[in-house]
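Asks: Given next are the chains, with one letter for each unit.
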Amino acid sequence: MPAQIDHAAAASIDYDVLVVGSGVSGAIVARSLAEKGLRVLVVEAGPGDELSVADYESYLTRFYGAAAKDNNAAYEVNPNAPMPRSPDVRRLQPGHPDSTGYLIQNGPYEMDSTYTRVLGGTTMHWEGKALRMLPEDFEMRSRFGQGRDWPIGYDDLEPYYRQAEFELGVSADVADQAFYGITFPPGYEFPMHGLPKSYLDQIIARDLDGTEIQLHDTTCTLSVRPTAQARNGVPNAAYDDGLGFIPVGAVSTHQVDEGGRCQGNINCVPLCPVQAKYNARKTLAASLDTGRVDILTQTIASQVHVGADGLVSHIDYQSYGSTTSPEHVTGSLRARRYVLAANPVENARLLLASGLPGSNGLVGRNLMDHAYLLTWALLPEIAGTMRGSQCTSGIEDLRAGGFRERHAAMRVSIHNDGWAWPTGSPYTDLVELVDDANVYGAALRRGVVDRISRQLMLSFMVELMPETSNRITVDSRYIDAMGNLRPVLSYSLPEYTMDGVAASRRISRRIFQRLGAEDKTHYDPLDPGYVAYQGEGFVVRGGNHWAGTHMMGETSHDSVVDVNQRSWDHQNLYLVGPGSMPSIGTSNTTLTLAALSFKTAEHIAAELTTRPSVTIGG
Amino acid sequence: MTLRRIATVEDLHSYLHIAMQLEHATIPPYLTALYSMHPTTNADAYRVIRVVVVEEMLHLTLAANLLNAVGGTPDLSSEGFVPTYPAHLPDGETDFEVGTRAFSRETIETFLKIERPAVAEGETRFVSRERSSRALLPAVDAHEDDLHFYSIGEFYAEIGEGIRRLHEEMGDALFCGDPARQVGPEYYYSGGGAIVKVTDGASAAEAMRTISEQGEGLGGAIFDEEGELAHYYRFQQLLLGRYYQPGDQGGSPTGPPLDIDWDAVYPVKADAQLGDYAEPGELHDAIHAYSATYGEFLARLDEAFSGRPDLLMPAVGDMFRIKELATQIIRNPMPGQPGVNAAPVFRGLAPVEVS
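Protein sequences appear in the order of chains A and B. Be aware that the first sequence starts at 1, since it is given in full-length UniProt numbering, and climbs by one per residue. Be aware that the second sequence starts at 1, since it is given in full-length UniProt numbering, and climbs by one per residue.
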């Protein structure tokens, strides 16, 4: 265990804040509050023996040995706190929900997005892109008549973005990241310099930069730009007015002595072998150093109880000793404030399972995720594919503009890992060469290199607007090994998004044409995620960017939480994470949810550390 | 090999040359032990040794910074920079030999001797012994022949005192080196310990402190100021089968047990020489390719320490290549020697001996 604490001891301590979930949101809230002197208990449903290099490497070893290398392949199957896994997803028959995996797929669209239930949460498999949202993303309704506006804007969030960039250790150069309205305070520097562009990026940039794409009345001029990433690079001596930045290496509660900068290992997802990539365990380890944070793993928050006053009175937990047995003990935990930081699906699931759908019934609704369209081709020249971290550059020029009145915006990532995502390369290349082409020895080695080093894969991340019908529910027919209700997903891709998907495919054809690349993209109607739209078929993949089940807003009528992620219904309860986001634009959600976590921590700390004024009676 | 007390800047240069040679000389033995473990076994032992190797690289870089700071020129390509194993350490310790050998209790015992704590202060840090026939270094001006350091810690203590003495005599003129030749945190960092640019007395002392505390724990403490365990005690954990934790006394670790499998090791040839691979063939080619790659790596470091610190970035790729080539070699049995596997030879760029 990361801290010398057991459930009995935890029950006897007067915690200021109970945090459910040890992912990036919960870790940031815990660390921030503890640094302000508050006492925090974090409960994590999944396992995590200790915050050590050995524990981390046991995950790496499992991943290396796994036949199917999906993004949760590094983690053991745990029926007590199960998680969705992409290989579980099947093509749905209309009207027949699929309960094969933990997540019940009610359709009509089957979603292969996942999240990770281990200590450190989904940062234990994320890729590490750390993108700010565009200012216009916060004003979708007023600017484009789509979706919803946030109750706060980019400028309100900007200081918290900087905190998040420090916490996650972001490598980027301001000059590369100031686009489409994104601004930084004068003199701002990222903690570390931008990571170098891959050779592949440079080839694409050479042939693509300056290409114009017309999206309705918006002319988009493409350029290949380096991507801001939460992985260790060269520290920027000018950071923090010249104080510099010390990168955080490997997580360890003893003998901290490993971890490097990005070395270009290509398997960023799920785990960086040298811990150059941020994961929430880095923040958790720092939070333990305060001496005011305790962590209980294998502890499932099973029920939220609300008193007659509308406040949360306590949270029940189930604690299991082994992932191979459902045997467990139960108990209750109390604190002055409660923070649910278990990701949008689990936050909503826990509230709904506790009979708390919200006074307006919005808990679990407005679920969002990015829709991913993968397109792939073979370049006419050797491009060094498989070198570098997974993505070092992307195209930001399709993210902004008036066309967003008509269809979704998209962001393109250039994948240094070639066709890995759509086809399973390089493993599938190897199998084909051996089994079908019957080559071996030097010819096999040469063949693998020839096939892989020209691979180009562009992923189009397409935005999605909130719809109340896209939602998480619970259903008493579906329970897990501990008797907890499993999440049921009902989801369809709105036309606004599908128009963006169709445009993405057209743009990919233009790009491949410019590059002289042989388009190898094909979508199999039997694959999960296959969607026919306007006469064309696409396989649309989930982005693992769950958002929106407890959306924030200005009033309690049309939202679940306020600008501080405080529940309108229960004033001592906070629902934190991407579930609070009213829109996700075309940015991976982590940096924004990290920024929101800092904002919420600041608010809770102010509430709990300010003494109420005392009126002396006369 | 002989050394006299540091009296001049030239003496200091010689000492720092030896320091670089010394820090490097430990790396091939540590790497050989590391690479000899069967993949995925001995995870705890692998990590313990790996951490020490990484810190030796840090010390090598710190020694280069110190040498550059006082106007010297690092030279990793000179003849004899890479010792022929088995060898005595370049600081003059002659009561044990260091070799490139498989991971075993005996090998770890040797590592303990390499990292043994300093025992003495002042004059007694020299012990009088017969001059070794395996002396590695071009002799430094010999005034006090047959004086040797008991430990690496004692050797560094003498450098630290030498810098202080010269700084008092010469003032800041001692630090006449070009600051552009200093390697800073932008081009070097690892989990353990920080690189220090050496430009004055304070930064020189800081660099010296990192080197001696991480290594041998000068002063008798098993943990240093940053709470880091000294190398000697890191290795000792492998023999005692248990991790140290804060509060422990040397010799009595009370932390969690280490999982060690002394048998999950390739029986690599001890102290392999190029002459062991005289027969033409794939193994011969692989050994020579390895040695050449290692030499190119050292040449890259040479350049990096001569005003091109950015070259430490491609050096990371070199290190991947070195590991890959070494592990390929180690999987192969030695022809005609049942029960013995091939081992890489670390020669560097200096002319190679033919036996």
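Hint data in this document are derived by calculation from the structure and do not stem from the laboratory. Ideal Cβ positions, reconstructed from N, Cα and C, are used throughout, including at glycine. A hint or two may mislead.
Said to hold, decoys possible - Computed Cβ-Cβ distance ranges for the label pairs, DEER-style:
(1) A:432 - B:284: 55 to 65 Å
(2) A:91 - B:227: 52 to 62 Å
(3) A:91 - B:40: 35 to 45 Å
(4) A:432 - B:78: 42 to 52 Å
(5) B:105 - A:5: 56 to 66 Å
(6) A:439 - B:227: 45 to 55 Å
(7) B:284 - A:380: 48 to 58 Å
(8) A:175 - B:279: 55 to 65 Å
(9) A:141 - B:40: 27 to 37 Å
(10) A:179 - B:313: 40 to 50 Å
(11) A:64 - B:279: 49 to 59 Å
Asks: A separate judgement is required for each hint: does it hold in the structure or not?
Replies: Structure-based check of each hint:
The beta-carbon spacing between residue 432 of chain A and residue 284 of chain B, approximately 35 Å, falls outside the hinted interval of 55 to 65 Å. A hinted range of 52 to 62 Å for the beta carbons of residue 91 of chain A and residue 227 of chain B is consistent with their spacing of about 55 Å. Checked against the given bound of 35 to 45 Å, the beta carbons of residue 91 of chain A and residue 40 of chain B, roughly 37 Å apart, stay inside it. Taking 42 to 52 Å as the suggested C-beta distance range, the pair residue 432 of chain A and residue 78 of chain B conforms, at roughly 51 Å.
With their beta carbons about 38 Å apart, residue 105 of chain B and residue 5 of chain A fall outside the hinted range of 56 to 66 Å. With their beta carbons about 54 Å apart, residue 439 of chain A and residue 227 of chain B fall inside the hinted range of 45 to 55 Å. The beta-carbon spacing between residue 284 of chain B and residue 380 of chain A, approximately 40 Å, falls outside the hinted interval of 48 to 58 Å. Under the hint 55 to 65 Å, the C-beta atoms of residue 175 of chain A and residue 279 of chain B, about 58 Å apart, fit the expected range.
At roughly 54 Å, the beta carbons of residue 141 of chain A and residue 40 of chain B sit outside the given window of 27 to 37 Å. Checking the proposed 40 to 50 Å range against residue 179 of chain A and residue 313 of chain B shows it is violated: the Cβ atoms sit about 27 Å from each other. Taking 49 to 59 Å as the suggested C-beta distance range, the pair residue 64 of chain A and residue 279 of chain B does not conform, at roughly 35 Å.
The structure fails to meet hints 1, 5, 7, 9, 10 and 11 from the earlier list, while all remaining hints are met.
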